[in-house]
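For the record, the sequence lines run as chains A and B. Sequential numbering of the first sequence, starting at 0, is according to numbering that gives the first Met the number 0. Sequential numbering of the second sequence, starting at 0, is according to numbering that gives the first Met the number 0.
Incorrect hints may appear among the rest.
Restraint-style ranges between C-beta atoms, simulated for each label pair [stated by the list, open to error]:
#, chain 1, residue 1, chain 2, residue 2, range
1, B, Thr85, A, Ala128, 49 to 59 Å
2, A, Ala294, B, Glu142, 30 to 40 Å
3, A, Pro124, B, Lys96, 26 to 36 Å
4, A, Pro124, B, Gly173, 33 to 43 Å
5, A, Pro155, B, Glu142, 51 to 61 Å
6, A, Thr220, B, Gly173, 47 to 57 Å
7, A, His158, B, Arg140, 47 to 57 Å
8, B, Arg140, A, Arg154, 54 to 64 Å
Derived from the structure by calculation, the hints contain no laboratory data. The C-beta atom is built at its ideal place from N, Cα and C for all residues, glycine as well.
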Amino acid sequence: MSATVAPPGKHRPRPSQRQRVFAERTRRRVRRRQWTNTAMVAVLSGAAVVATLPLLLILFHLVREGASALSLDFFTQMPKPVGEAGGGLANAIVGTLILIGIATGIGLPVGVGAGLYLAEYRSSPLATAVRFLSDVLNGLPSIVMGIFAWQFLVRPVGHFSALAGGVALAAMMVPMVTRTTEEMVRIVPVALREAALALGYPRWRTSLTIVLRTATAGIVTGALVAIARIAGETAPLLFTAFGNQFWSVKLTEPVAALPLQIFNYAVSPYDEWHALAWAGSLVLIFIVFVISLAARFATRSRFGGMGD
Amino acid sequence: MTDDARVSAAAVTTAAPAAASGRVRVDARELNAYFGEVHAIKNVALAFQDRSVTAIIGPSGCGKSTFLRCLNRMHETVPGARVTGTVLLDGTDIYAKGSNPIRVRRHIGMVFQRPTPFPTMSIRDNVAAGLRTLGDARPSRSETDAIVERALRRAALWDEVADRLNTSALGLSGGQQQRLCIARALATEPGVLLLDEPTASLDPLSAQRVEELIYELRRDMTVVIVTHNMQQAARVSETTAFFLSGELIEAAPTQRMFTTPSDPRTEAYITGRFG
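Generate the whole structure from the sequences, applying the supplied hints.
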């Protein structure tokens, strides 16, 4: 190829016919591979774009339709009757936060505890049963969860309540958190556990202060996904939290929730309510987004990222 | 502190080993260990002198690590594993009924093949980790600081980490992490230190530092080191025990072991004919 290869005064021998045919064939093959490579990269990046397209479209659409209804009033005012201008969803926003709070307060400790149990006593009959039931529960339609919560928490009491809604959401959250916790605890190296035991740590202390601590970042991420999932659930709330046109923060009273309000407004025939539904969706997504960000921030390694 | 002198004097050239007191610190008798049906340790009797280093050598799978883990009741933490026989620690059987494995492990430190710093803890908290389990005997904050410094000095790590005690232990190199684990084991002042191939995953220079450290530690504790590196056994130990297929073939003063072993299997192993 370059002059340095061929010694001066000597020319390279002419390639034979066979060599030329072979070289041509190689060139063609390489060209085809390059083409295949380009095509595959294009297909895969296309798939990647398509995968994120819905989110982008949703965000774009929500902003376009809902931004007009977003104002300070939206966050501070109560819903107004049809025909009256303005009004907001203050009660629904607060209600959703209350419901998320109840669900997380119950679902997180139960889920983490159950997950830790599954990981630590992985082959006990109870663990096998719980693991199986968790998977079943994970796939349970949320409307069924709502009916179940109504049967046990609404009917005996005689009225809808925020508590019943929170419990229904917690029941949806538990299996998700359980399985993530189990996975995260399982990938903590045995060597770490042994190191703690060899230091004279009792088993419970090893589990809580070494194993669980090490798995925390992963568990929090999993819990966040679970919270984000339940934050937008509507079906379990239909028969439990029920929704409320008025301001209520009492746990024993029906409470408004963004998903319910969005549903009610979206199926209504009024344009102003449609706009409010869009704005409500935007706020709901924003709440999920803020929860994610906050937890990311909270679990950032205190050693500036070196720890993960 | 005398620790300074001790650390700076750390050198493989130290002539005579600190005189072994001749007192038996750990005494294993008729020790058998099993993994389910597998008989991993077969009727081993071996005593460890106070203030000395005993090396356990043997080919892979001969049970040397398992034997070591029987000495601080770590073997039984593996599902399906069990132990029979006795191990006397200062005359008390650690396998006696009513003996608490957690208390036993507090008196017997252990360091593993791979460095195992706790990833969520700072360097300081790693060293102090063992102190947290002491309940009422738990030292105060200032006492803890002093203990951490002493342990890190004994592990010859203090100078390298003194200015970053509150940073992550994962920021240290592999050799530093292993010395951190030794410091962590030393912080609770155990009388016995078990080392399971402590230099196997380290580069030669780090391994040398750890060896120097082991050589120093014999001054005030009983050290048992499992190694598949025979040169290392020859360098750091006073007594060497040779294991094969779960049996103790021979235990003798290191020098005699490596010059005139009495069992032909020992000779075959140390001359490199197998293993």
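Right, here's what the structure says about each hint:
For the pair threonine 85/B and alanine 128/A, the beta carbons lie near 40 Å from each other, so the given range of 49 to 59 Å is not met. Between alanine 294/A and glutamate 142/B the beta carbon distance is about 36 Å. The supplied range of 30 to 40 Å therefore holds. Distance hint check: the CB atoms of proline 124/A and lysine 96/B are about 29 Å apart, consistent with the given range 26 to 36 Å. Hint check: proline 124/A to glycine 173/B, Cβ distance near 42 Å, so the stated range 33 to 43 Å holds.
Between proline 155/A and glutamate 142/B the beta carbon distance is about 57 Å. The supplied range of 51 to 61 Å therefore holds. As the Cβ distance of threonine 220/A to glycine 173/B is approximately 28 Å, the hint placing it in 47 to 57 Å is violated. At about 54 Å, the CB distance of histidine 158/A to arginine 140/B agrees with the hint of 47 to 57 Å. Distance hint check for arginine 140/B and arginine 154/A: the Cβ-Cβ separation is about 56 Å, which falls inside the suggested range of 54 to 64 Å.
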